[in-house]
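J.: Listed below are the residues making up each chain.
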Amino acid sequence: MSIRDRLSGNEAIATAMRQINPDVFAMFPITPSTEIPQYFAQYVADGKVDTEFICVESEHSAMSACLGAEAAGGRAVTATSSAGLSYMNEVLYVAGSLRLPVVLAVSCRALTGPININHDYSDSLAERDSGFIQLYAENNQEVYDNYLMAHRIAEHPDVRLPLMVCEDGFITSHAIENIEIEDDTAVKSFVGEYKPENYLLKEENPLAVGPYGVSGYYMEARVAQAHAMINAKRVIKEVAADFEKTFGRHYDLIEEYHMDDAEIAMVIMGSSAGTAKACVDELRGQGIKAGLIKVRVIRPFPAEEIAASLSGCKAVAIMDKSEGFSACGGPLFAECAGACINMDARPKMIDIVYGLGGRDFTVAAAKSVYERLGEIARTGQTGPVYVHMGQREV
Amino acid sequence: MKQAKDINEQIPWQEMTVGCEIYEPGTSRLTKTGEWRSKTPEWIEDKCKQCVLCAPFCPDASIPVKDGKRSEFDYEHCKGCGICIKVCPFDAIKWKEE
Chain D
1 MSIRDRLSGN EAIATAMRQI NPDVFAMFPI TPSTEIPQYF AQYVADGKVD TEFICVESEH
61 SAMSACLGAE AAGGRAVTAT SSAGLSYMNE VLYVAGSLRL PVVLAVSCRA LTGPININHD
121 YSDSLAERDS GFIQLYAENN QEVYDNYLMA HRIAEHPDVR LPLMVCEDGF ITSHAIENIE
181 IEDDTAVKSF VGEYKPENYL LKEENPLAVG PYGVSGYYME ARVAQAHAMI NAKRVIKEVA
241 ADFEKTFGRH YDLIEEYHMD DAEIAMVIMG SSAGTAKACV DELRGQGIKA GLIKVRVIRP
301 FPAEEIAASL SGCKAVAIMD KSEGFSACGG PLFAECAGAC INMDARPKMI DIVYGLGGRD
361 FTVAAAKSVY ERLGEIARTG QTGPVYVHMG QREV
Chain L
395 MKQAKDINEQ IPWQEMTVGC EIYEPGTSRL TKTGEWRSKT PEWIEDKCKQ CVLCAPFCPD
455 ASIPVKDGKR SEFDYEHCKG CGICIKVCPF DAIKWKEE
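Sequence lines, in order, name chains D and L. Using my numbering, the letters of the first sequence correspond one by one to residues 1 to 394. Using my numbering, the letters of the second sequence correspond one by one to residues 395 to 492.
These are calculated hints, taken from the structure and not from any lab test. C-beta atoms are modelled at their ideal positions from N, C-alpha and C, and glycine is treated no differently. Incorrect hints may appear among the rest.
What the hints assert, rightly or not - Distance windows between CB atoms, simulated:
{"#": "1", "chain 1": "D", "residue 1": "H227", "chain 2": "L", "residue 2": "T421", "range": "24 to 32 Å"}
{"#": "2", "chain 1": "L", "residue 1": "G462", "chain 2": "D", "residue 2": "E52", "range": "52 to 60 Å"}
{"#": "3", "chain 1": "L", "residue 1": "D454", "chain 2": "D", "residue 2": "H227", "range": "32 to 40 Å"}
{"#": "4", "chain 1": "D", "residue 1": "E282", "chain 2": "L", "residue 2": "P406", "range": "49 to 57 Å"}
{"#": "5", "chain 1": "L", "residue 1": "T421", "chain 2": "D", "residue 2": "A241", "range": "37 to 45 Å"}
{"#": "6", "chain 1": "L", "residue 1": "D485", "chain 2": "D", "residue 2": "P157", "range": "35 to 43 Å"}
Starting from the given sequences, assemble the full structure and let the hints guide the process.
T.: As structure tokens, this is what we get:
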């Protein structure tokens, strides 16, 4: 039986970790993810898990320790944010190329500078090409559910890739919500045991990982890794289907909100989607055909699904909660525009960079975006494609 | 299970192991890494007292020892680091004249 309980996003992740009881947790604290190892340390002290809890000296070491544990055949986890994730950067690519299914919880936080502890996606989206699968959540329930699905996706033999479970720093990581927590045994049976066929000290045939791959091998290794990410799309859907069957909550690569007949739409990630949905409800009440796509999975990128969903729209705003400094739009805009490039009739598309470093995103702000989209749909004039929203300016 | 001897620069990506993993030990024998060498040590057998101090110091196990005696370098794996030259108490190893 599931129970309802009040948990922050961080505590929800720590609870999922306790239920899964991983072999190794290599931890290094950084705001706002610190609570995850903090809660978990209590579970270790109370004997609720038998995880090897290693306090390492940096995030680079945390991810490195996870790789060692995974290569040895264990299930390894860690958590980080912002500069900590950047400091892991080198090792994230190693995890991806070694195809070791580490699960990393990220409480997404702005990158310096100016130095800032609040939410945007500059940390996690900067790692979108690292070879990690990336799942994003709108609220605490989704963070918990994504974490329950994470190991099964990452460890699937057709995938075997590391995975980030991303939540919005402070907004989701620290805000407390009433959520459904599943029964420990039900979680254990859903997630299952991790028993890789090969591992470092396997007696019959010891494993060697990370060989030198010169130009005669590198291309083949990368193509194989790229195909694993393509396979991940199918596996994420399969695991979500089994999750729905087991626990009753539905997940997909994207969530479509009033998209069936939408003429104007927003593509958005994370907690902001909840705010924007309230705005869509308001506009629908006025007879305006507004819709929204929430992107749950950024890697692998659901390009076909987004293009299909946007195919009936006249004007679309891509909402970027990180600045990519490309001088022509944020990272989500580039991905969505790429997804639509071969459509026969493309909607007009603009990029709104908003909410950087925790700047508030409100229903009124969402409304102003839909008003602009309405104007574009009426006039056929796109106007400025790359704009920032919510900053003070003259 | 794929064996290291079957992994080569002719096989397609579909036949590579996951993450380039190698499922057996001791496979460096199959890879001739001696070509990295830019300088080459030379064993002067006349001066050698067979103390075999050089062998354990060699980082690449490129000094074969059998029945307590060393023999000629394994040039297919020697990287030419020169550690054997430094540790030999009898000047029985020197750089080859190029």
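J.: Hint by hint, where does the structure go against what was stated? Just the numbers, ascending.
T.: 2 and 6
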